[in-house]
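Undergrad: One letter stands for each residue in the lines below.
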Amino acid sequence: MIPVQFDYLAPTSVEEALAALVEHGDEAKILAGGQSLLPVLRLRLNAPELVIDLGKIDSLRGVRDEGDAIVIGAMTPHAQVQTDPLVAEHAAVLHEAVQHLADVQIRHRGTLGGALAHADPAGDMGAPALALDAQFVIAGSSGTRTVDAQDFFVDLFETAIGEDEILTEIRIPKHTGWGAHYEKFVRVAHQWPIVAVAATVRLDGDTIAEARIGLTNMGSTPLRARAVEDALAGQPATEDAVRAAAAHATEGTNPPSDLNGDADYRSHLAGVLTRRAVLAAIGR
Amino acid sequence: MTATQERPADVQAEIGRDRRRKEDQRLITGRTRWTDNLQLNGMLHLAMVRSPFPHATITNIETSAAKDTTNVVAVLTGKDFGEELGVCINAWPITPDQKTPAHSPMPADRVAFAGEIVAVVVARTAAEARDAAELVEVDYEELPAALELKAAAAADENGGAIAHPDLGTNKSALWVFDSGEAGTGGDVEEAIASARTDGIVIEREYRQQRLIPAFMEPRSVVVDPTGEQLTMWSATQIPHILRFALAATTGVPESKIRVIAPDVGGGFGGKLQATPEEWITWAVARRLGKPVKYTETRSESLISAHHGRDQWQKLTLAAQKDGTVTGLKVELLADLGAYVALVGGGVPVLGAFMFNSIYKFPAYHFACQTVLTNKTWTDAYRGAGRPEATFAIERIMDELAVEVGVDPLEVREKNWIKHEEFPFTTVAGLEYDTGNYEAATERAKEMFGYDDLRAEQKRRREANDPVQLGIGISTFTEMCGLAPSRVLGSLDYGAGGWESATIRMLATGKVEVVTGSSAHGQGHETAWSQIVADRLGVAFEDIEVLHGDTQVSAKGLDTYGSRSLTVGGEALVRAADKVIEKARPVAAHMLEASVDDLEFTGGRFSVRGTDQGVAIGEIATAVFAAHDLPDGMEPSLDSEATYDPVNFSFPHGTHLCAIEVDTETGALKIRKYVCCDDIGTIINPLIVAGQIHGGLVQGIAQALWEEAVYDENGTLVSGSFVDYLLPTAADTINFDIDHTTSPSTTNTLGTKGVGEAGTIASTPAVVNAVVDAIRHFGVTDIQMPCTPERVWKAVNGGTHGGTEDTEGAAMPHFDEAEPGNSSTEGAGA
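Just so you know, the protein sequences line up as chains P and S, in that order.
First residue of the first sequence: 1, per my numbering; consecutive thereafter.
First residue of the second sequence: 1001, per my numbering; consecutive thereafter.
Be a bit skeptical, because a hint or two may be false.
Said to hold, decoys possible - A partial selection of chain P residues facing chain S, derived with a Cβ cut-off under 8 Å: (1) VAL4; (2) LEU259; (3) ASN260; (4) LEU269.
To be verified - Over 12 Å on every C-beta distance to chain S, these chain P residues come out as not near it, computed from the model: (5) GLY177; (6) HIS190; (7) THR207; (8) SER257.
Said to hold, decoys possible - To be clear about the criterion: a stretch of chain P counts as covered by chain S if any three or more of its residues have a C-beta under 8 Å from a C-beta of chain S, and this derived list gives those stretches: (9) 35 to 45; (10) 181 to 188.
Don't read these hints as lab results, they were simulated from the structure.
The beta carbon of each residue, even a glycine, is placed where N, CA and C say it ideally should be.
Build out the structure end to end from the sequences listed, making use of the hints.
TA: See below:
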């Protein structure tokens, strides 16, 4: 488990990191916690010449309130996201999901931006980010741009981040008062989810005003279950209504098959877990 | 024997005491000597080049690019070595006509499994060796590979691929036991025929999936050829056996070989092996005359360290209509993998004596066909043959209960050996010395709340609750204390089963205990100290236990098969008693008394009826000085004993498991797990609890999580811990454990062994619970591991959870190719 030799750079500013990226192009890899990159290197699945560690850029860490949104620095460790009061109040489904991400050690090393940029469709952070309509702030040498969540995830391990760009912040519109639940299905606790569902719901009395549903590991990217959302909107907050809506969970999905379950089983799970996630989110 | 263990009332007996383990501080903090921590002057490092193909001819190996790399010292292939490379040996040819493929540690011409070593790179650092290994170019010509066990077994008939074409067949050996022929019981075919007309015949086929021992410390080996002796440090369970095997196969005299197993991080049978890696490291060190180290990666460990289990088990059980069993027929196919490993085919043979378990079968037939395939070799894994047997019999006893229409505990009780019937000679020919199945079961039921849980199960079933409850039972026994040498001889095993102990009384009154069993996590240092402390009446803290170095512990047969305490512990007791007898005349001399007037209690010889006495430590000092010893007295109290057991020991227990099955998803949740084990006398309850808890988790893991899966290309799909699912503490519950005690009669202390009990017992308890929860859906079996997918499909499709082997791909969490946004990748999970 010895990686191929590489150079290591730990810049202290985003500008410095971008300059290194421009200089080294696709010979460089970004290290943002290392909970996936280091196994990749140690298994020799990849052999970059330069590893750029963002861990010393203080400005990329932390959570702040920006009025109608909270902004989470890309290098904020999961453990900090997990305990941050702003996240708990305004982005409850992210708060719920991160509790279940891997294990304590990984939550202390791994970062929110790193997990999202890695874009593993089985990763726990993509579905909540989608459900919360997160925006991804991406810095390049010519300035920053903002990408909506629905455009961020492109394919398996592929995002909208360009070769010479860095994900710096995740902006999450406040979902204050929304009910939330992350329903994760695993065989052992530290496993990637076989399927998971992130649900956040705004109730208006006994009616579901709006619902946002994100699916984990039901395709080559995290997915929004928009058919479920549409079916839920305006419905009474009852088990029957939720059950009927959850039947749409597999629309637009293309789940994988592996040792933990084939595509049909995952499709079945998606329906059950969606129903459970929404019911938990509305406290039913 | 006049030695007694009575000590003054204010001194607590060590045996039976919850001593924290002496060795844990250094082991847990990592401040210890693992093999990979060793650094020797001028030491070189190895990296292995392994075949990606399960079966192929090696047509060319181009090593020049690797050789030209900075700090690479040598690149060697099988062709570069002669006989000095030695061979990997099979110590247990189970039949005289067993087909045993030649097994070079590094074959020059043909590879037989994916992961087999074809070249070794030697460099000044491990990183440089690894880098250069990627530059070795090997040309292969692929051969058809024998992969799936049943297909490989049928290759003679269907013209399928042959794992070793020179053998002409995949069938290695057929081992048969028949109670009619052995005179231990009746004819099973008669019993089955009779039951077909007027009784019950149950036929079932069970799959024992392939497992990976997955010890915590990867294997590592260092060889130093620069001294007068060649020294090998290895993360092994068997330093003594290694020394013998190195001498026997590499031409180095045994007296020139020292093998050291320093602190070893677990084995579970997985380090009961003479490995190609050890032999190659040995040969390279001798060739270059320099110390050499090889430490495997976890990936290498998973594909090349031996696997366990991997059987198809066909059982035919005959019974009367009331559930009284009349016969059992067992037909096994056992996958050896590519080679017959050290114990190899012997593992399923060990199971032959255990299928009848605690039940009074009047007729028994067992046949095991071992089969060669182009997969990683298999050998001992915690329980070794006995978990497989226990699983099958405990599963089919549940089926019998269903057939008869009674509670599964009732059908067991009807058939088990009653406690007043011990000693009992079984239909497999073993004599069970002690046991009390009634007592253990009664206690387990009480702890479990059996009747309440059955009532809840009924309620849930009647209410059509989406979450159903199942109760699983396993009333197991096992044979431990491997092994009486005569029995091993009768089974054609290549060695004996004795164990050795030495006690050295130091001048300062401290004690060194040398044991021939080689601990690798069991806690020998602590338990052995407790035994000697009681026996000699010295302080626990004053005892040092030494093991694992053939120069310190010259004689031994190492640790496996729950043998250390029952066999090694008895050797220890006998050595201690010899020390006392040697000290007695010295004590008499010092006290100016007759030996007949002395008694030994609490570590002190005293003259009966007086307050005169002398402690054993004082005697040791006097013997060291030797100024005033009795005439003709040897100035030494040191003593050695070697003990060959007269019989196995037979721990048993009743395990009860309640599982909730979410019928909507197939998810399983262990609600309660209770076990009452009779393991004889307990030396250290804390260590026993650790063995039980760990064993339970390992057995539960076979039932629910673990499986080594190969794809159609012969590649191990579950080749990392992403896909080979090991449980952690987060996946377990709090186990309720207790004990009943019927001491073993085969050793002075009355111990039976506990290292494998939890693993053997728990697997069928869990699967029985799963099936019990959903039997009303028409489910009669779920193949292990009982994944939620299999359970859900069984609930929805009825009958079987599939009898086909697992297929599927690994989860692709670590991207190999450069994706579009290659520059960014970070924390995941």
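Undergrad: If any of the earlier hints don't hold here, list their numbers in rising order.
TA: 6, 8
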